[in-house]
Every structure is written in structure tokens, then in C-alpha cells.
Amino acid sequence: MKLLNMVLVCLLVAAMWLQNVDSKSMHVVSSRCCLNTLENKIALKFIKCYKEIGPSCPYYPAVIFRLIKGRESCALTNTTWVQDYLKKVKPC
Amino acid sequence: MNFTEANYGMEDYTGSDYSMFPETEPCSLQEVRDFTKVFVPIAYSLICVFGLLGNIMVVITFAFYKKARSMTDVYLLNMAITDILFVLTLPFWAVTHATDTWIFGNTMCKLMKGTYAVNFNCGMLLLACISMDRYIAIVQATKSFRVRSRTLTHSKVICLTVWFVSIIISSPTFFFNKQYKLQGRDVCEPQYKLVSEPITWKLLGMGLELLFGFFIPLLFMVFCYLFIIKTLVQAQNSKRHRAIRVVIAVVLVFLACQIPHNMVLLVTAANTGKMGRSCSAEKALAYARNVAEVLAFLHCCLNPVLYAFIGQKFRSYFMKIMKDVWCMRRKSKVPTFFCARVYSESYISRQTSETVENDNASSFTM
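Protein sequences, first through last, are from chains A and B. Just so we're aligned, residue 1 is where the first sequence starts under the UniProt record's numbering, counting upward by one. Just so we're aligned, residue 1 is where the second sequence starts under the UniProt record's numbering, counting upward by one.
Treat the hints with caution; some may be incorrect.
Claimed, not checked - For lysine to aspartate or glutamate, the following DMTMM-like pairs were computed, each having C-alpha atoms within a straight-line distance of at most 25 angstroms:
id, chain 1, residue 1, chain 2, residue 2
1, B, Lys-178, A, Glu-52
2, B, Lys-37, A, Glu-52
3, A, Lys-41, A, Glu-52
4, A, Lys-87, B, Glu-25
5, B, Lys-283, A, Glu-52
6, A, Lys-90, B, Asp-100
7, A, Lys-90, B, Asp-186
8, A, Lys-88, B, Glu-25
9, A, Lys-45, B, Glu-25
10, A, Lys-48, B, Asp-34
11, A, Lys-51, B, Asp-324
12, B, Lys-181, A, Glu-72
13, A, Lys-90, B, Glu-282
14, B, Lys-181, A, Glu-52
15, A, Lys-51, B, Asp-34
16, A, Lys-51, B, Glu-25
Said to hold, decoys possible - Chain B residues, not near chain A, derived (Cβ > 12 angstroms throughout):
id, residue
17, Cys-27
18, Ser-45
19, Val-59
20, Gly-105
21, Asn-106
22, Met-132
23, Ile-168
24, Ile-169
25, Leu-182
26, Gly-184
27, Leu-204
28, Phe-223
29, Lys-230
30, Ala-256
31, Tyr-287
32, Met-319
Claimed, not checked - If we take Cβ atoms under 8 angstroms as the criterion, some of the chain A residues that face chain B in the derived model are:
id, residue
33, Leu-8
34, Cys-10
35, Asn-36
36, Thr-37
37, Ile-47
38, Tyr-50
39, Cys-74
40, Gln-83
Derived by calculation from the structure, the hints in this document are not laboratory data. From the three backbone atoms N, C-alpha and C, an ideal C-beta is built for every residue, glycine too.
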């Protein structure tokens with residue numbers, strides 16, 4: 001019984017430890033976030049540079065492509081073509 | 001041939017296809033940012049000032065209090081100490097919100113984020129200890145005398161354990177938060193490498209924070225105080241009613257401050273990884289997150305107010321200390337009737353307390 005109690009306490013502390021891995025407070029507001037992303041691939045010639053989204057954005061892995069004519073679009077960073085583009089395009 | 005044509009069509013957006021782009025444009029939260037640049041620094045500065053004043057007064061009052069202290073007093077003293085440490089970090093965050101950049105270096109980044117985590121975890125554990133202590137003292141009154149006296153002799157060990165466990169639980173915050181460049185400015189944020197499924201880990205972290213930071217403590221405290229209230233109602237003992245009033249107020253205020261923050265966190269977790277959200281809803285959530293966070297920090301300077309308004313003995317003892325300080329300062333000058341009266345009052349009150357206060361459970365927060 002004592003061993004079981006010890007194991008339970010360790011599990012409890014471990015779970016509480018894990019919740020502190022990512023802090024949810026003290027975030028400064030990021031100015032721009034991605035809520036929707038491109039589903040279709042854009043030609044590389046339309047993209048000038050890319051920018052990361054901020055840490056306080058509602059999370060999913062995304063990046064902002066700055067396009068010609070002053071436009072911008074969001075794209076998922078775990079997409080294959082986006083990863084290829086990020087190797088060729090420089091940060092803004 | 002057909003495959004090649006399809007691929008070429010997908011790759012080549014013409015001018016008319018630009019109408020698809022606005023849906024994927026980033027959502028601008030600049031107005032929220034402008035709001036937080038003003039609101040958060042002011043709020044943090046006020047919480048820091050009032051939190052320091054109030055909690056330092058609590059510590060001083062406790063230090064001068066010579067009568068028998070209860071276990072709850074020791075826990076509340078530790079809460080005052082954690083609150084002092086925490087509000088000392090708020091000026092750094094006020095500057096960061098005002099300038100949108102972290103300028104204090106990597107070591108201070110880890111220290112400030114870690115101090116927040118220690119304060120939160122330590123405060124929650126201390127509240128749990130208070131609830132347990134009150135439960136044992138009241139619901140298990142007939143059986144608990146030996147347990148309580150033994151607990152009081154080990155108060156230092158218990159509080160050290162609480163602090164130690166809080167620091168252990170908060171160690172990832174110290175480890176993962178660092179200063180690095182993001183969007184052209186320095187930020188103080190957690191940074192990970194080699195995370196294969198970031199959304200999954202984010203959701204797990206949020207879930208655990210909601211579970212252990214709010215729901216489990218909530219259930220634990222509700223359980224304790226329901227039994228306490230039931231026992232007190234049955235006993236109809238007015239003295240014990242007074243004993244529990246301050247503690248219940250502290251717990252209720254803590255929960256009231258934490259509920260909005262955790263509800264916003266719950267909504268954030270529900271939205272994490274989900275596409276197709278509207279920009280206006282995201283702005284509203286960002287406003288709510290910042291206001292709820294300020295409200296959560298507000299509890300650091302509310303406890304002293306609770307002691308002052310609800311704790312009868314705390315108030316009288318605090319006034320006594322103020323009078324003593326005043327008299328000591330004026331002692332070098334002519335001793336007035338006011339000070340002499342204070343001395344006689346002190347003597348009479350000591351006589352009274354020796355005869356009436358047979359109960360060892362005299363508490364300076366009652």
C-alpha cells in the first residue's frame with residue numbers, strides 16, 4: 001500500500017511537472033496570427049519573403065508569405081511544398 | 001500529359017485568382033496590441049504597488065505577533081511571501097508589454113517566468129494545505145488534537161516541502177523559457193526543438209494545466225469546505241464560524257480570480273489546431289485573455305485586504321503595532337498621555353487574554 005501511494009504521488013508530481021513545460025501566461029500579444037491557410041500551392045515567383053507568427057497566436061504551425069503586390073497569405077509549415085519553399089525564400 | 005497540365009494549372013495563379021487570397025491573409029491583432037500596451041503596464045504597476053504594501057504589512061504583523069500561531073497562519077504567511085516575490089516580477093512584464101520587446105536578458109527571462117510558475121503552484125498547494133488543516137481541525141475535531149499539535153511542530157518541514165515541490169513542478173518553466181528573436185524583436189517565451197507533434201503537446205500541456213491548476217484544486221476545496229460548513233451549521237458555534245470566515249474568503253477570492261483565466265484557457269485549448277476561425281472572434285479572445293490574466297494576478301494584493309476587513313484580530317493587532325511604532329518614535333520626545341494609555345491598554349489586554357484565551361487556537365487572521 002505504501003508503494004502504491006508512493007507511485008501515485010510520483011505520477012501526480014510528474015503530471016504537474018509536465019503542465020509547466022509550456023507556459024500559458026505572461027504572453028505579449030502578437031500583432032498578426034494565422035487563422036486560415038492556403039490549401040493550394042502558390043508559384044514560387046509570387047513569393048517575396050516569409051515571416052513567422054507570434055508565440056501568443058492560437059497555435060498551429062503556420063508561416064506568413066509576403067507576396068507580390070503587397071499581399072500576404074498564411075501557409076501551414078508542416079506541408080511539404082511550404083517546407084521546400086522555406087528553404088528557398090528568405091525571411092522578411 | 002494530362003497530369004502535367006493539372007500540375008501546371010495548380011501552380012499558376014492568374015490575377016483573377018487573387019480573390020482566394022483574402023481568406024488566408026493573417027489576422028491583425030494590432031488593436032488588441034495597442035490596448036495591452038496601455039492597460040497591462042498600468043494594471044501591473046498598481047498590482048505591484050498594492051501587493052507589496054499589503055503583503056509586507058502581513059509579514060510584519062505576523063513577525064510581531066507573539067501569541068500561539070495556528071498552522072493556517074503559517075500557510076497564509078507563506079502565501080504572503082510568494083505574493084511579494086511574484087509582484088516584484090510585474091514591473092519587468094509591464095515594460096515588456098509597453099515596448100513589445102524583452103530587454104532584460106536570458107537569465108532574467110528564466111527567473112521571471114519561473115517565479116510566476118512557483119508563485120502559482122505554491123499558492124495552490126498552500127491553499128490545499130489550508131483546506132486540509134481546517135477540515136482536520138473542524139470536521140475531525142475530536143480526533144485531530146494530536147495530529148494538529150504534531151503538524152504545528154513540523155510547520156517548517158511542511159512549508160519547506162511545499163516550496164520544494166513547487167520549485168520542482170515549475171522547473172520546466174525555468175528550463176524552456178528563453179530570450180530569442182521572433183518577428184524581428186526579442187521575446188521571452190518557451191522554445192522547443194525536435195517536437196514532432198507540437199499541437200498534441202500543446203493540447204496536453206493545456207489540459208494538464210487546467211486539470212491540476214484549477215479543476216482538481218477546485219474539487220478538493222469544495223469537498224473540504226462543504227464538510228466544514230455542514231459541521232459548523234450542526235454545531236451552531238459562533239466562535240468557530242469566525243475562525244473559518246477569513247480562510248473561506250481567501251479561498252473564494254483565489255478561485256474567483258482564477259475562474260476567468262481558466263475559462264479563457266479552456267476556450268483557447270478548444271480552438272487550438274482548429275481552422276476556419278473568424279478574425280473578430282480571435283480579437284475578442286485576445287482581449288479576454290489579457291483582462292483575465294490581470295484579474296488572475298489581482299489575487300496577490302487582495303489577501304491583505306481580506307485580513308484587514310474580515311480578520312478582527314488581525315486588524316486590532318495591526319493597529320497595535322502601528323501605535324507601538326508611533327510611540328517608539330515619540331519616546332525620544334515628551335511621552336504623551338496617548339502613549340501611556342496604550343501601555344495600560346496593553347497590560348490590561350494581556351491580563352484578559354491570559355484568563356480568557358485558554359483555547360490554543362488563537363489565530364491572527366481570525
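These are the hints, each one checked on the structure:
1. Under the criterion of a C-alpha separation no larger than 25 angstroms, the hint pairing Lys-178 of chain B with Glu-52 of chain A is consistent with the structure, at around 17 angstroms.
2. Distance hint between Lys-37 of chain B and Glu-52 of chain A is fulfilled; the C-alpha atoms sit about 22 angstroms from each other, no more than 25 angstroms.
3. A distance of roughly 18 angstroms separates the Cα atoms of Lys-41 of chain A and Glu-52 of chain A; the hinted pair therefore holds under the 25 angstroms criterion.
4. The straight-line distance between the Cα atoms of Lys-87 of chain A and Glu-25 of chain B is roughly 22 angstroms, inside the 25 angstroms bound, and the hint therefore holds.
5. In summary, the hint linking Lys-283 of chain B to Glu-52 of chain A is supported, as the alpha carbons are separated by about 19 angstroms, within the 25 angstroms threshold.
6. Restraint check for Lys-90 of chain A and Asp-100 of chain B: the C-alpha separation of about 24 angstroms stays at or below 25 angstroms, so the hint holds.
7. Proximity of Lys-90 of chain A to Asp-186 of chain B is assessed by CA-CA distance (about 19 angstroms); at most 25 angstroms being required, the pair is judged to hold.
8. For the proposed pair Lys-88 of chain A and Glu-25 of chain B, the alpha carbon gap of about 21 angstroms is at most 25 angstroms, so the pair holds.
9. Taking the CA atoms of Lys-45 of chain A and Glu-25 of chain B, the gap is about 18 angstroms. The hint holds against a cut of 25 angstroms.
10. For the proposed pair Lys-48 of chain A and Asp-34 of chain B, the alpha carbon gap of about 28 angstroms is over 25 angstroms, so the pair is violated.
11. The suggested pairing of Lys-51 of chain A with Asp-324 of chain B is violated, with an alpha-carbon distance near 63 angstroms, which exceeds 25 angstroms.
12. For the given pair, Lys-181 of chain B sits about 21 angstroms from Glu-72 of chain A by alpha-carbon distance, which is consistent with the 25 angstroms threshold.
13. Simply put, Lys-90 of chain A and Glu-282 of chain B have alpha-carbon atoms about 29 angstroms apart, too far for the 25 angstroms limit, and the pair is violated.
14. Simply put, Lys-181 of chain B and Glu-52 of chain A have alpha-carbon atoms about 11 angstroms apart, close enough for the 25 angstroms limit, and the pair holds.
15. Proximity of Lys-51 of chain A to Asp-34 of chain B is assessed by CA-CA distance (about 21 angstroms); at most 25 angstroms being required, the pair is judged to hold.
16. Only pairs whose Cα atoms come within 25 angstroms are accepted, and Lys-51 of chain A paired with Glu-25 of chain B is accepted, the gap being roughly 13 angstroms.
17. The claim that Cys-27 of chain B is not at the interface with chain A is violated, since a C-beta of that chain comes within 12 angstroms of its own (minimum 5 angstroms).
18. Ser-45 of chain B, annotated as away from the interface, keeps every beta carbon of chain A farther than 12 angstroms; the closest lies near 15 angstroms.
19. Distance to chain A confirms Val-59 of chain B as a non-interface residue, since its nearest Cβ pair spans about 25 angstroms, more than 12 angstroms.
20. No beta-carbon of chain A comes within 12 angstroms of the beta-carbon of Gly-105 of chain B; the shortest separation is about 16 angstroms.
21. With a closest Cβ-Cβ approach of about 15 angstroms to chain A, Asn-106 of chain B is found to remain outside the 12 angstroms limit, as its non-interface label requires.
22. Distance to chain A confirms Met-132 of chain B as a non-interface residue, since its nearest Cβ pair spans about 15 angstroms, more than 12 angstroms.
23. Its closest Cβ contact with chain A, about 7 angstroms, brings Ile-168 of chain B to no more than 12 angstroms, contrary to its assignment away from the interface.
24. Its beta-carbon lying about 5 angstroms from the closest one in chain A, Ile-169 of chain B breaks the requirement of being farther than 12 angstroms from that chain.
25. For Leu-182 of chain B, the condition that its CB be more than 12 angstroms from all CB atoms of chain A is violated, with the nearest at approximately 6 angstroms.
26. For Gly-184 of chain B, the requirement that its beta carbon stay farther than 12 angstroms from each beta carbon of chain A is not met, with the minimum near 8 angstroms.
27. With a cut of 12 angstroms on Cβ distances, Leu-204 of chain B falls inside the contact zone with chain A, its closest approach being about 7 angstroms.
28. No beta-carbon of chain A is positioned within 12 angstroms of the beta-carbon of Phe-223 of chain B; the least distance is around 17 angstroms.
29. Under the 12 angstroms C-beta cut-off, the non-interface status given to Lys-230 of chain B relative to chain A holds; the minimum distance is some 28 angstroms.
30. Here Ala-256 of chain B stays apart from chain A, with its beta-carbon at least about 17 angstroms from theirs, past the 12 angstroms limit.
31. For Tyr-287 of chain B, the condition that its CB be more than 12 angstroms from all CB atoms of chain A is violated, with the nearest at approximately 9 angstroms.
32. The non-interface label for Met-319 of chain B is consistent with chain A: the shortest C-beta to C-beta separation is roughly 37 angstroms, beyond 12 angstroms.
33. Interface restraint check for Leu-8 of chain A: the shortest CB-CB distance to chain B comes to about 13 angstroms, outside 8 angstroms, so the restraint is violated.
34. Violation of the interface hint for Cys-10 of chain A is found here, the shortest Cβ-Cβ separation to chain B being roughly 11 angstroms, above the 8 angstroms cut-off.
35. Hint status for Asn-36 of chain A: holds, given a least beta-carbon distance of 5 angstroms to chain B, under 8 angstroms.
36. With a least beta-carbon distance of about 6 angstroms to chain B, the hint placing Thr-37 of chain A at the interface is held under the 8 angstroms criterion.
37. For Ile-47 of chain A, the interface hint is violated, since its Cβ never comes within 8 angstroms of a Cβ in chain B; the closest pair sits about 11 angstroms apart.
38. Given the 8 angstroms rule on beta carbons, the hint for Tyr-50 of chain A is violated: about 11 angstroms separates it from the nearest Cβ of chain B.
39. Given hint, Cys-74 of chain A at the interface with chain B, holds; its Cβ is 5 angstroms from that chain's nearest Cβ, closer than 8 angstroms.
40. Taken as an interface hint, Gln-83 of chain A does not check out: its beta carbon lies about 14 angstroms from the nearest beta carbon of chain B, beyond 8 angstroms.
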